[in-house]
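*Asks:* Protein chains in written order, with the numbering used here: chain A, 1096 to 1224; chain B, 3 to 133.
Worth flagging that the hints you see were computed from the coordinates, not collected in a lab.
Accuracy of the hints is not assured; some may be wrong.
One side only, chain A facing chain B, incomplete, derived with CB under 7 Å [stated by the list, open to error]: (1) A1128; (2) E1133; (3) N1136; (4) S1139; (5) S1140; (6) G1141.
All figures in this text were calculated on a predicted structure; none of them were measured in a lab.
Ideal Cβ positions, reconstructed from N, Cα and C, are used throughout, including at glycine.
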Amino acid sequence: MDAQTILVVEDEILIRFILADSLRDIGYQVLEAGDGAEGLNILSSGQAVDLIVTDVRMPGEVDGMELTRRSKLLVPGRPVIVCSAHLFKSESFPADEFLAKPYSIAALADVIARLIGDPWQKSSQAHSA
Amino acid sequence: MAEELPGPQCLIVADADVLIRNALAEYLRHCGYKVFEAATSDEVIIALEEGAMKIDALLADVELSGQFNVFELRIWVRDRYPDVEIVLAGNIDSAAKAAGHLCDEGPHLQRPYDPESVAAHIKRLLAATRR
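Chain B with its partners taken away, still in its complex shape (with noise of 0.2 Å):
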């Protein structure tokens, strides 16, 4: 009988700057995870409490706003789930280099591009609108 084979994991990337999250979510996806994009901790909480899917990891910038600050957050998600892996990140790079970690741990352990081009990516998005 064939294996059969798991889903594809589930992450949640959570960032206020949405051409940081939707860069983010995007190279994640093409390493083959499903990817909720939440603005805020609220809508983190309602992808974790009301979201069909299993929830595997958090990425989040230190940042983030909301109901909860995103070290609240940390505490909220871990008592309720804590199966879920949580990933603070900092600024830019952190966040291109937690998400290239994440790619490597799976589900299709293959990265699109470097972490690094992530990140430069951003920063072109980021630039462009402020000119």
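So here's chain A without its partners, still in its complex pose (with noise of 0.2 Å):
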């Protein structure tokens, strides 16, 4: 069984590199987008994605907040993890987790696990199966 598919949405390529290299590293498949339309062009492809992490403020017209809500409407049980340096939470606003830029890999890794899960858990699930 493959290993879970996240969407990385990040404006800034090395944040974005980083980031998808770190988790790909950790065993998960990543898809990288640079803006939130990038990310909805994906998202419309049919490639199969289990998560999104997206940066907010990103230009064009479609922001974190935006995909968010598309992504939402689209597969309303995919969690989003939005990070910002610019944190707020708001009830109406339908991320499932946010985290305050800086963050650490780790953390981020953390909150994924919490969501989907480990690469490690579903190989081992798919092989007891």
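Once you've looked at the hints, go ahead and assemble the two chains, each given alone in its own frame, into the complex.
*Replies:* Shown next as structure tokens:
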């Protein structure tokens, strides 16, 4: 069984690369998008995405909040983690988790594992099934 | 004393279309490369100037946008980073073929699947988003 797929949406290429590379090292499949519009393009392409990690402030018409809303319309149960230096949590905002920048990869990995499990768990479940 | 194995070589895949970029980058990762994904020539420059890794090759779409067009970018890269191999691709098929050649050259000398499959996969994704 394939590892879970995470969509990382971040407009700063070096942060995006480090995030995506670290999550790949953990064992997840990772798709990268440079802004919200690219993120939506991936979601509407039919590729399986188990979880989204997105920045809030990004250039273009689709910011992290809009991307979260659109993702929840498409797949209500798919978790979204929102990361921002200007963090707020609103009851009306449908993200599942908020992470304040700067955050550690370990902290992000913990949140992801809580929401969708870690790749090793999924792998061992597949072997024992 | 055991011979030290080289680390994975590092590439930049530059294409404004995220579906093409993702698919080419994923194919090259399966070949063993570390891959930066860049949407514009500005992101290519940031990856070269500020990325911590030495870049071995740049695979770029000819219609890449940004501060520089792709031909200006090629001049800029050749001037500052003459060791970086630059491969320009004009369409999906030529981009997939170029990725296949990069796979043949290393670092694992093994193709995960045919470049034609990469091109077909990209075309299916693009068709899905246009429905």
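*Asks:* With reference to the structure, classify each hint as holding or not holding.
*Replies:* Right, here's what the structure says about each hint:
The criterion of a C-beta within 7 Å of any C-beta in chain B is met by A1128/A, whose closest approach is roughly 6 Å, and the hint holds. With its C-beta approaching chain B no nearer than about 4 Å, E1133/A sits inside the 7 Å limit, and its interface hint holds. Given hint, N1136/A at the interface with chain B, holds; its Cβ is 5 Å from that chain's nearest Cβ, closer than 7 Å. A distance limit of 7 Å between C-beta atoms decides the matter here; for S1139/A the minimum to chain B is near 5 Å, and the interface restraint holds.
Taking 7 Å as the C-beta cut-off, the interface hint given for S1140/A holds, the closest approach to chain B being about 4 Å. Interface hint at G1141/A: satisfied, since its Cβ lies 5 Å from the closest Cβ of chain B, which is below the 7 Å cut-off.
The structure meets every hint from the earlier list without exception.
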